Each structure stands twice: as structure tokens, then as C-alpha cells.
Amino acid sequence: MRSKDIALVALFAAITVVLGLFPLIELPLVPAPFTAQTLGVMLAGSILGARRGGLAILLFVVLVAIGLPVLPGGRGGIGVILGPTGGFILAYPVGAFVTGLITEWLWRRYNVAYALLANAIGGALVLYVIGIPWMAMSANLPLGKAITGSVVFLPGDLAKIIVASLTAVTVRRAYPLVQPRQAA
Amino acid sequence: MLSLYHEARSPVHAMPAGAKLLVLLGTGTGLFFVRSIGALGVAMGVVVLGYALARVPARVGLRHLLPILPVLAVIVVAQVLLTDWVTAALVGQRIVVLVALANLVTLTTRTSAMVATVEAVLRPLRPLGVRPERVGLVVAMTVRFIPVLKEQADQVRAAQRARGVRRSTRFLTPLLIKTLRLADGLGDALEARGAGSD
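Sequence lines, in order, name chains L and U. Letter 46 of the first sequence, counting from 1, is numbered 46 in the working numbering, and no numbers are missing. Letter 91 of the second sequence, counting from 1, is numbered 91 in the working numbering, and no numbers are missing.
Hint data in this document are derived by calculation from the structure and do not stem from the laboratory. Check the hints yourself; a few may be wrong.
[Unchecked claim] Taking lysine-lysine and the BS3-like style, the derived pairs with C-alpha atoms no more than 25 Å apart in a straight line are:
hint: 1; chain 1: L; residue 1: LYS4; chain 2: U; residue 2: LYS178
hint: 2; chain 1: U; residue 1: LYS178; chain 2: U; residue 2: LYS150
hint: 3; chain 1: U; residue 1: LYS150; chain 2: L; residue 2: LYS145
[Claimed, not checked] Here are some chain U residues the structure puts well away from chain L; computed CB gaps all over 10 Å:
hint: 4; residue: PHE33
hint: 5; residue: PRO67
hint: 6; residue: LEU72
hint: 7; residue: MET141
hint: 8; residue: PHE145
hint: 9; residue: ALA153
hint: 10; residue: VAL165
All values reported here derive from a predicted model rather than from experimental measurement. Where a beta carbon is used, it is the ideal one built from N, C-alpha and C, also for glycine.
Whenever a hint applies, use it, and build me the whole structure from the sequences.
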């Protein structure tokens, strides 16, 4: 990794923390892990690509785990990760990586539609696939019920996918950082 | 940035971070096999004793449990509706015990000790190109830049508000461009200090 990459990874971990301080979309009664922070997950993958984006968000999760209050509301620590919603947080780096991977495949033809696709899969679907079974396990709920219960997050996530995609396309014009990759 | 560490002199604080994490890992796994309210009650008692031993005041311990309350309430209500009170109590207890114990580890372990543990865990991955000694550097860099970027975000928002931009998401693009510019300078500074290689 070049120095510039290390700087990007550290700064995107920091920006993900900062995004958690701004409640872009506030839903009543929805627990804190579902605030603007996943916007950071999507943007890291969309702007930095798979490797750097995934590492930036992995670094963010390390900050949580070592006990820094970097989650919304000044939360943090291993307790958050081992709690019922911890699977979502553990899924963040994977989500950023997948977002980045799809972005790299589509980079030459990248537009809002492709950005929406990459962010929906990496920034939402991947988080559900890991976070919901984790919650079902922790809460001893049947998977079906856990899925039904998670429907409340869809409107917020949809809004975040749109915001992240529009932003990623604009930033690409000013600062194209992703290395395109041929689809296998 | 303040960490969640709670300063005190106690045997729990003195325990090596790795040992505390192993206890937590073992307990976390073991709890899933416990199917009796009595046994979980004992586990809860042991955790409370742990807090007392660590000289963490009940007020501090409870404050860190507070954030899981909404999710916990939803889960317990769902369990009561879907199954019965006993299962609801079991599931609720298990989550509280696990999160409380994990919080105790966080409250009694310095960030530096945690970073050292992360580095130790990553050491076997060195042949794969992982550089464990960089963890401390990037963690420190990130923590240093959180207030800087927060300040930038506030500035962008203030400037936009002055121009009458109402949509709160508009501040993202300028903030990200500023961040990427910052990375250019920071990358050069790191290069000059020989931080980047390979």
C-alpha cells in the first residue's frame, strides 16, 4: 500500500465517524446503528474501491471494538458488536468491499444507475444477509420473523442508497480514484 | 477523543487485555448452550461481582447498557408474543449478560492495550502482506482527523446555510472533495516520513 492509500483509508474511517454525528435521516424508535453511518460504508466502497474502502471500514470497526465512542450517540466497545445488532456492524467492512468490487467492475461505464446497483447490493443487501441472521441467532427468533422485523429499515436504507449514489457519481467527476477491473 | 475506558486500580484492570478477551469469547460461546434461567441468573451475578471487583460504579455500568434497551425491549416483546415468558426471559438475560461482560472488558482496558492486542492477533498474517505495526499508526491518524473533518463538515454546512441551501445531504460532496484533497497532503507527509512502502 502506498502512503496515499494509507491516508485515504484513515481519512475515510474518520469521515464515517463524522457521518454518524449527523442524523441525515431520523426515524423515530429506530435504534442508533441505522443512522447515517452506513452512508460511510457505501461511500468508502464507491469512492475508494474494494480494497481501500473495505480497509477503511474495517478500521472503523476496529475503532468501535477497541472502545472508542465512534458510533452515533457516543457508543462503542465490544458490547455493541456482541449485542443483537452487532452483525450489522461486523458486516460493514464486507459491505464496503462488495460495493467497491461492483464499482470497479462498472467503473468505465459508471453512472447513477450502476451506482445505485453497487450501493444497494454492498451497502444494504450484504448488511442484511449478515446482520439479520446474527440478530435472529442472538434474539432466538425464527429467521422469517427477523426479516419481517427488519423491514422498518428499508425506507431509510433506500434514501441512503440514493444519496450515496448521487454523491459518488459527482465525486467521481472531480476525483476518480477507483482502478477499473475486468469482470471475470 | 475520549475513550470509554474507566480509570481505576483493580485486579480486572490489571488483567492482560488478551486474557479478558478470551474470557469474553469463551463466555459468549458458552452462553448459547445455557438453557436455564437459574444458571443465567448466576452468570448475571458473576458479572455484577466483576463490576464490583473492577470498581466500576453501578451508574457507569448501567449507562453503558442503556443503548441496547430499545432493541432488547423489541426482542423480549417479540419472544413473549411468539413463544412464552420463559424463553423471553432466557433470551433477554443472555443478551444482557453478554453485553454487560463485553462492556466490562471495554471499561477496564486501555485503548493502547487493545491496539497492542489487535497487533498481536494480526502478527501471524504477516506472510499475507499484513503489516500489524501499522495498526497503531492508522488508529492514531484516524482519531486525530475526526475533529478536523467534523470542523470541515460544520464549515461546509454553515456556508451552505448562509447561501440558503436547505437540503442537509448537499454538504456531502464538498466535504468528500475536501477530504480527498486532505489525503493528498497527508499521503505526501507520510511518504516523507517513510510510512509507505511495498
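Each hint, compared with the structure:
no.	hint	in the structure
1	LYS4/L <-> LYS178/U	holds, 15 Å
2	LYS178/U <-> LYS150/U	holds, 12 Å
3	LYS150/U <-> LYS145/L	violated, 38 Å
4	PHE33	holds, 13 Å
5	PRO67	violated, 5 Å
6	LEU72	violated, 7 Å
7	MET141	violated, 4 Å
8	PHE145	violated, 4 Å
9	ALA153	violated, 6 Å
10	VAL165	holds, 14 Å
Checked against the numbered hints above, the structure breaks hints 3, 5, 6, 7, 8, 9 and satisfies the rest.
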